[in-house]
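Trainee: Same order as they appear, the protein sequences are chains D and V. Take the first sequence: its letter number 191 is residue 191 in this note's numbering, and every next letter is one higher. Take the second sequence: its letter number 237 is residue 1237 in this note's numbering, and every next letter is one higher.
No wet-lab data here; the hints were simulated from the structure. Where hints are given, some of them may not hold.
[Claimed, not checked] In silico SDA-like links for lysine to any residue, alpha-carbon gap of 20 angstroms or less: (1) V:Lys1193 <-> V:Ile1177; (2) D:Lys39 <-> V:His1060; (3) D:Lys39 <-> V:Lys1193; (4) V:Lys1056 <-> D:Phe167.
[As the list claims (entries may be wrong)] Reference listing, derived: stretches of chain D covered by chain V, where coverage requires no fewer than 3 residues with Cβ under 8 angstroms from a Cβ of chain V: (5) 143–157; (6) 186–192.
Glycine is no exception: its CB is placed at the ideal position from the N, C-alpha and C atoms.
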Amino acid sequence: MPYEFYGKATPYCGKALWEILGNLKNHGVGRIVVRNQFKRYPEPSWYRILKVEGLSPEGRIQACPPVIELDEVRRVRALVDSVFRGTYRGQEWLAWPTFKPDFNLIPKEEEEAYTKVKAGELPKSFEFSSILPTHGEFPPLLRELLIRDLKAQGTYNGEEPMLPISFKNPVRVAQEGEAPTVRITPGLGTPVCPRLYDNIKKN
Amino acid sequence: MLRSGKTLLKKSAFVIGLDSVSSPQNAVCIQPSRGLRPRKPAYSGIAKTKLFRIPKQTVHPPDEAKEMQRIANHYRLYIRSISDYFVQVNRSHAVGSQEAGKEVEKREAEWQDCLMRNKQWNDSIALSRNERLLKERTNKQEEISQRILDEAKQQELRLQAIEEIVRIEKENSKSYITPENIDQAIAEALESKRDFNYAIDLKGYKFVGRYVDATGCEDLPDVEESDEDSLPSLFQSAPVSSS
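Based on the provided sequences and hints, a complete structural model is requested.
Mentor: Structure (structure tokens):
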């Protein structure tokens, strides 16, 4: 009888990391493991295993009787060469996501085809594509209000008030004496998909 | 009760007199508790009609998805930046005001007072602690010297006991059987007969149990053969098991 799945589709597909590494010689050191979730990007994302360690329960709060959570048992600590979206992101310790049943092992003969680099090599390191400014323009109405306030205080010297941008993700921000390559403005910007704006009439 | 909250509040506002103060267009906030809308409890699970429903996931064309992502990112970046900016401005206003300055001074004074009192407390405790530690140290030294003396005394006693044992052993060793006098010892043992086959009653009389004549030779009576079945069960031979 064929199975029929219903409900929300799971984003995970594969095994937990230890389920793969525990069955390999030398705990899979040198092998290539991928996260299924990262397969949605066109560039390959993968990990090369460098070292594998068990996780001891000593660091955790001890209860009596000891509570052994399934996720904790499934977890392992692995030092990996991390490649995300085709660029090398340095070595990192994988520990937290290792319980997720989302890891797939790449067979040895398919490694070069998958990673698109020669065996034992790494792709080029990640670099930020653009240098971002520390300040952006205010939205038009807010800008007018601020200028009005400054004028009322008598401190307006004709300079444009600038909004300090608070970035959340790690980005390359322009240092002193460095010119940013992009401007941050409140407008629509350059659309990726211009056909969505074809019917807009501009006066 | 919750559904009637609005009317109740209206009534209470009327009783207080707020109704007459404020116009109906600009009335007091009579919005009932929004977060307490009666709902199904979480433990009731998924409704039967919704149990096997497969929610359809919207799939956008890749370029449209990318565009939406870009616009959303830009929007979030701007909103975060503007709210942070206003927080900063508000904070600087608050810091600059006179009341805020007073509050800061008050807190600082309180903190300094706390620090001073803590220091005083620490000093007084340190004084008593040093006294106690000195006392403990001298006590410990005395105890250690006493224990050394006791140990020496014990060692002396132990040596004496050992010497006593050695002396007794030396005395005893005179009667030991050695390779030199083994033949003599055997001859002596063969010569001296001992008969341990006797009983002693409560008064200490010795009854020699063996049949011996005046010369010391055995003189056993004739054995009377008796039927085994007539003997008490203790003296009967064990029954042979069938298995």
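Trainee: The structure should be examined with respect to each hint, and the outcome stated for every one.
Mentor: Going down the list of hints, with the structure as the test:
1. V:Lys1193 <-> V:Ile1177: Roughly 19 angstroms separates the two Cα atoms, so the pair holds.
2. D:Lys39 <-> V:His1060: holds (18 angstroms)
3. D:Lys39 <-> V:Lys1193: violated (105 angstroms)
4. V:Lys1056 <-> D:Phe167: violated (34 angstroms)
5. 143–157: violated (count 0)
6. 186–192: It holds, with 5 qualifying residues against the three required.
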